[in-house]
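A.B. asks: If you're matching them up, the sequences are chains A and B in order. Counting from 1, one number per residue, gives the positions in the first sequence under the UniProt record's numbering. Counting from 1, one number per residue, gives the positions in the second sequence under the UniProt record's numbering.
The hints are simulated quantities; they were obtained by calculation from the structure and are not laboratory data. Any given hint might turn out to be false.
[Said to hold, decoys possible] Simulated coverage check for chain B against chain A, where a stretch passes if three residues somewhere in it have a Cβ under 8 Å from a Cβ of chain A:
1) 106–114
2) 220–231
3) 246–254
4) 279–292
Quick reminder that beta carbons are idealized off the backbone N, C-alpha and C, glycines included.
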Amino acid sequence: MYKAARRLGLVFFPAFDWAISPTHPEREERLLYTQDQVLEEGILDIDGIYEYRPRLATVADVERVHVCVPDVMSRVTASHLIAAGGAIVAAEAVLKGEVDKAFAIVRPPGHHALRIVHGARGFCNINIEAIMIEYIRRHYGKKRIAIVDTDCHHGDGSQDIYWHDPDTLYISLHQDGRTLYPGTGFLDEFGGPNAFGYNLNLPLPPETGEEGFLYALDHFILPVLADFKPDLVINSAGQDNHYTDPITNMRFSAQGYARLNDRLQPDIAVLEGGYSIEGALPYVNVGIILALAGLDYSGIREPDYSPARVAQSSRVSDYIARLCDETYKAWQQRETLRAAYVRDKKEISRRRQIYYDTEGLMETQEETTLVCDSCGGLTWIDSRTDRGRHILAIFIPRDACRRCQEEGHALFERASAGAYRDGIYLQDRVADQLLKK
Amino acid sequence: MFVGLDMGGTHTDAVLIAGGRILRHYKTNTDPEDYLGTVTRALEAILAGINPSSIKRLNLSTTICTNAIVTGRSSPVGLLLEPGPGLNPALLACGQKNFILSGSIDHRGRPTSPLVEAEIKAADRELQQAGIRHLAIAGKFSTRNPEHELAIKEALSPGYDFITMGHRLSGWLNFPRRVFTAYLNSAVAATYSSFAAAIETFTTKKKLPVAPDILKADGGTLSLEASQSLPVETILSGPAASIMGALALAPTWQDAIILDIGGTTTDIAFLAGGVPLYEPQGISLAGYPTLVRALFSYSLGLGGDSCLQVQEGRLTIGPGRQGPARALGGPAVTPTDALITLGRLDLGDKAAARQGIAELGDKLGLGTLHMAAAILQQMAGEIARQSRALLAKINSRPVYTVREVLAGKQLQPAQVIVIGAPAPLLAAELEAAFGLPVIVPHLAGVANAIGAALSQPTTELTLLADTEQGLLTVPEEGLREKIPAGFNLERARNRALELLRERLVRLAPEVAGTELEVVEEQSFNMVSGFYTTGKNIRVKVQVKPRVTPLKGDADDV
Ligand SMILES: [Zn+2]
Ligand SMILES: [Zn+2]
Ligand SMILES: [Zn+2]
Numbered sequence: 001m002y003k004a005a006r007r008l009g010l011v012f013f014p015a016f017d018w019a020i021s022p023t024h025p026e027r028e029e030r031l032l033y034t035q036d037q038v039l040e041e042g043i044l045d046i047d048g049i050y051e052y053r054p055r056l057a058t059v060a061d062v063e064r065v066h067v068c069v070p071d072v073m074s075r076v077t078a079s080h081l082i083a084a085g086g087a088i089v090a091a092e093a094v095l096k097g098e099v100d101k102a103f104a105i106v107r108p109p110g111h112h113a114l115r116i117v118h119g120a121r122g123f124c125n126i127n128i129e130a131i132m133i134e135y136i137r138r139h140y141g142k143k144r145i146a147i148v149d150t151d152c153h154h155g156d157g158s159q160d161i162y163w164h165d166p167d168t169l170y171i172s173l174h175q176d177g178r179t180l181y182p183g184t185g186f187l188d189e190f191g192g193p194n195a196f197g198y199n200l201n202l203p204l205p206p207e208t209g210e211e212g213f214l215y216a217l218d219h220f221i222l223p224v225l226a227d228f229k230p231d232l233v234i235n236s237a238g239q240d241n242h243y244t245d246p247i248t249n250m251r252f253s254a255q256g257y258a259r260l261n262d263r264l265q266p267d268i269a270v271l272e273g274g275y276s277i278e279g280a281l282p283y284v285n286v287g288i289i290l291a292l293a294g295l296d297y298s299g300i301r302e303p304d305y306s307p308a309r310v311a312q313s314s315r316v317s318d319y320i321a322r323l324c325d326e327t328y329k330a331w332q333q334r335e336t337l338r339a340a341y342v343r344d345k346k347e348i349s350r351r352r353q354i355y356y357d358t359e360g361l362m363e364t365q366e367e368t369t370l371v372c373d374s375c376g377g378l379t380w381i382d383s384r385t386d387r388g389r390h391i392l393a394i395f396i397p398r399d400a401c402r403r404c405q406e407e408g409h410a411l412f413e414r415a416s417a418g419a420y421r422d423g424i425y426l427q428d429r430v431a432d433q434l435l436k437k
Numbered sequence: 001m002f003v004g005l006d007m008g009g010t011h012t013d014a015v016l017i018a019g020g021r022i023l024r025h026y027k028t029n030t031d032p033e034d035y036l037g038t039v040t041r042a043l044e045a046i047l048a049g050i051n052p053s054s055i056k057r058l059n060l061s062t063t064i065c066t067n068a069i070v071t072g073r074s075s076p077v078g079l080l081l082e083p084g085p086g087l088n089p090a091l092l093a094c095g096q097k098n099f100i101l102s103g104s105i106d107h108r109g110r111p112t113s114p115l116v117e118a119e120i121k122a123a124d125r126e127l128q129q130a131g132i133r134h135l136a137i138a139g140k141f142s143t144r145n146p147e148h149e150l151a152i153k154e155a156l157s158p159g160y161d162f163i164t165m166g167h168r169l170s171g172w173l174n175f176p177r178r179v180f181t182a183y184l185n186s187a188v189a190a191t192y193s194s195f196a197a198a199i200e201t202f203t204t205k206k207k208l209p210v211a212p213d214i215l216k217a218d219g220g221t222l223s224l225e226a227s228q229s230l231p232v233e234t235i236l237s238g239p240a241a242s243i244m245g246a247l248a249l250a251p252t253w254q255d256a257i258i259l260d261i262g263g264t265t266t267d268i269a270f271l272a273g274g275v276p277l278y279e280p281q282g283i284s285l286a287g288y289p290t291l292v293r294a295l296f297s298y299s300l301g302l303g304g305d306s307c308l309q310v311q312e313g314r315l316t317i318g319p320g321r322q323g324p325a326r327a328l329g330g331p332a333v334t335p336t337d338a339l340i341t342l343g344r345l346d347l348g349d350k351a352a353a354r355q356g357i358a359e360l361g362d363k364l365g366l367g368t369l370h371m372a373a374a375i376l377q378q379m380a381g382e383i384a385r386q387s388r389a390l391l392a393k394i395n396s397r398p399v400y401t402v403r404e405v406l407a408g409k410q411l412q413p414a415q416v417i418v419i420g421a422p423a424p425l426l427a428a429e430l431e432a433a434f435g436l437p438v439i440v441p442h443l444a445g446v447a448n449a450i451g452a453a454l455s456q457p458t459t460e461l462t463l464l465a466d467t468e469q470g471l472l473t474v475p476e477e478g479l480r481e482k483i484p485a486g487f488n489l490e491r492a493r494n495r496a497l498e499l500l501r502e503r504l505v506r507l508a509p510e511v512a513g514t515e516l517e518v519v520e521e522q523s524f525n526m527v528s529g530f531y532t533t534g535k536n537i538r539v540k541v542q543v544k545p546r547v548t549p550l551k552g553d554a555d556d557v
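Using the sequences and the accompanying hints, generate a full structural model.
C.D. replies: Below, the structure is given as structure tokens:
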């Protein structure tokens with residue numbers, strides 16, 4: 001019988017009893033045909049492929065990453081906690097050495113969930129990869145981690161969560177934000193002052209084909225990973241680059257996804273988006289599973305596949321080549337660029353507006369970070385929504401230096417509850433706790 | 001009166017049951033060269049002097065198919081596969097001649113590429129030339145739409161002896177298992193059919209008023225007639241016979257562990273609320289995973305005849321068996337010798353048993369009686385440890401809904417039911433090792449034959465409805481019919497139960513009134529461009545598995 005060259009753990013959680021709404025792309029049926037295909041191919045009988053049962057992530061797991069307003073349980077359903085818990089189960093299987101790799105095929109996804117959570121954004125309430133990654137670091141020690149986000153949408157939530165973290169390299173490949181939700185993910189979004197260069201975006205033009213993705217992998221992603229030398233590579237495995245996806249405009253195929261994963265060989269893959277639930281997901285997911293397990297995936301093909309559907313124009317090819325070149329150069333010069341950006345500033349602020357598409361909510365953030373050469377830097381965010389919520393969230397990073405820790409606690413003490421009607425939050429990652437007053 | 005016969009690898013047991021009592025019990029060695037002779041010898045013995053008209057049920061559990069497969073004494077099979085795109089099908093080519101055909105069906109049962117008639121014709125010619133008379137046809141997703149499998153059969157020359165169609169075997173998805181199951185079914189068809197014919201001759205000659213039923217691995221039975229198109233269903237029914245026997249002897253509504261302690265192995269099974277647990281997929285045989293539904297049973301290489309050894313200061317039990325106990329002239333010391341030494345068993349040459357145990361004791365610095373006690377303690381401990389490991393695995397089986405994750409239902413056995421010949425002699429050690437009450441039913445030694453006698457027909461069926469396509473498919477029945485607008489889960493459930501009732505009447509008319517149940521039902525909205533275009537409905541129904549309790553209300557038992 002079939003035997004996997006690499007042991008692969010699967011967490012399959014289709015949440016057959018959960019939907020955003022009956023006709024929403026993120027609904028009960030979304031992983032149904034993937035399950036059909038996985039079962040019919042006999043994947044779970046393959047020697048070396050093991051299926052794990054998901055569990056619920058805890059509130060503490062979520063609070064390690066997010067400040068949920070007013071609290072975690074009013075912002076999530078059980079399904080969100082199971083998706084995050086499923087990702088944790090997948091990661092633990094790898095870190096305990098039970099398997100070589102793992103793939104969490106869970107729903108709903110998470111990469112649009114930012115540090116502060118007022119509601120759902122782009123079908124995401126909490127960031128399941130980030131919750132998994134911080135769980136790994138809390139229980140398995142400090143690790144350098146690279147996230148390669150291959151979802152067609154820019155993972156603005158993951159970018160936000162790791163904006164100030166030089167130990168987490170976030171690389172996102174996505175359809176250009178000028179043409180697709182959430183409208184972010186450009187080259188100049190390069191990371192916060194203490195992690196400048198550790199956030200890399202590659203906005204691809206619409207109609208990017210098979211060739212373009214694999215070019216970006218070979219000429220940009222793999223070289224950057226070789227420089228960064230991560231302990232773990234995580235794939236945010238969004239599958240909405242598929243040529244049949246109803247809400248995007250790319251031309252990737254199941255073969256393409258399989259080949260990309262074959263070369264990238266992430267330690268853990270976590271399903272993100274992908275809404276062509278019949279035409280793409282069954283084939284893409286099986287392709288990725290086989291590629292990760294080191295099995296022959298050459299026979300994976302969509303029923304309507306043709307080379308013409310995945311071809312790209314030479315204009316697109318030229319553009320991607322220039323883009324890769326420019327972004328890789330910026331990565332190489334990150335130290336110089338950081339010096340120019342920070343100069344002699346003590347703290348750096350930014351102001352932005354964040355739109356919650358699911359509930360039509362607008363949030364305004366004033367974010368300030370202490371420039372720090374010895375840690376990710378203390379950050380605090382003054383956050384208001386157009387519904388009248390107003391909070392202050394203070395973030396002490398995982399490996400905060402003494403000064404950043406002390407300043408964080410002092411700020412929490414000092415800030416007056418009267419000024420923030422919905423509370424003051426202190427996420428203290430050193431102590432692994434979330435305080436609220 | 002009920003007759004049950006269980007043919008095991010070494011022994012064949014037969015029982016005659018009447019009035020809630022075992023009237024007769026006959027044990028004989030299984031002759032692997034002559035299964036039919038073994039069966040008829042046992043039946044002759046059990047029926048001697050009995051008025052045939054009083055026999056109400058004759059159930060047989062046989063190893064004939066298992067053995068044909070394991071020993072390779074099966075017919076050559078021509079395999080016609082339609083794998084479509086996907087996993088490389090090279091490893092599925094288990095037939096003597098294998099043909100990978102063009103064509104494909106998708107998960108919704110839509111043909112996505114056509115068959116190529118010339119390929120089928122070429123395969124047909126080659127099969128004819130090679131003189132292969134048994135075929136198996138299996139296509140990916142054929143359970144969602146069997147039309148390609150049927151068209152392949154149609155395109156072949158008429159007159160092959162036996163053809164298995166993949167979609168008729170099971171409604172479960174799993175193409176590799178469908179291929180292997182179809183292959184095995186055709187491979188044993190000839191052997192099985194000659195066995196069935198001989199049994200029929202026997203019952204006719206004996207003027208028995210009932211046709212025999214054959215035990216399946218799921219603990220249910222199938223009529224002899226129906227079993228001839230599905231002989232693969234009769235493989236590995238031995239463990240099921242034991243489990244059903246334990247249930248008949250010690251009915252319970254609790255979670256429980258069932259142990260069948262034999263000479264070479266201890267089989268471990270579980271009850272959830274008194275109902276036996278199934279294998280999640282299907283049973284495996286001779287390295288072939290199949291779609292044959294089976295009760296969950298794990299065979300641990302530890303039994304009364306396991307050889308005992310002291311290696312590097314530690315006692316090991318099994319997994320091998322080198323022969324009978326030292327007391328019976330065997331080469332190795334066994335747990336049976338320990339039982340004899342402790343005076344719990346009166347058998348064979350006691351001095352030889354004692355001598356063997358003493359030799360082992362010397363190596364560990366233990367006195368003879370201490371050594372014998374330690375052996376039994378260790379044996380019970382290993383059985384308990386393995387049972388707990390299996391339980392942990394079962395309790396971590398994946399689930400696919402929020403409801404199930406939140407419910408976190410766990411199997412928590414409240415008792416251990418032990419059968420098999422050494423069962424009563426090990427009860428104390430097992431009770432200590434498990435920390436649970438141990439029940440050793442009276443007649444634990446012949447539980448398997450009792451289980452065979454008291455098992456009842458089972459069958460299942462899968463209904464898939466796709467309201468967008470307006471089609472309903474029941475693979476096990478080879479049925480594909482149009483459905484009206486407004487078809488919904490409730491109508492699907494009713495149709496499935498109606499079809500199952502019809503199937504049961506056909507397969508086992510004597511229990512047609514039996515209780516049916518819905519095992520699984522789901523209905524999904526299918527959406528295209530943000531509008532609901534139809535429903536994808538899936539319903540699985542089955543005959544509620546059960547066993548006639550030995551001393552139940554049924555007065556004909
Ligand atoms: Zn991305
Ligand atoms: Zn996406
Ligand atoms: Zn600092």
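A.B. asks: Hint by hint, note whether the structure agrees.
C.D. replies: Evaluated hints:
1. 106–114: holds (count 5)
2. 220–231: Our answer is that it is violated, as 0 residues pass the Cβ test (under 8 Å) against chain A, missing three.
3. 246–254: Contact hint for the segment 246–254 of chain B vs chain A: violated, 0 residues under 8 Å.
4. 279–292: Result for this restraint: holds, n = 3.
Of the hints listed earlier, those the structure fails to meet are numbers 2, 3, in rising order.
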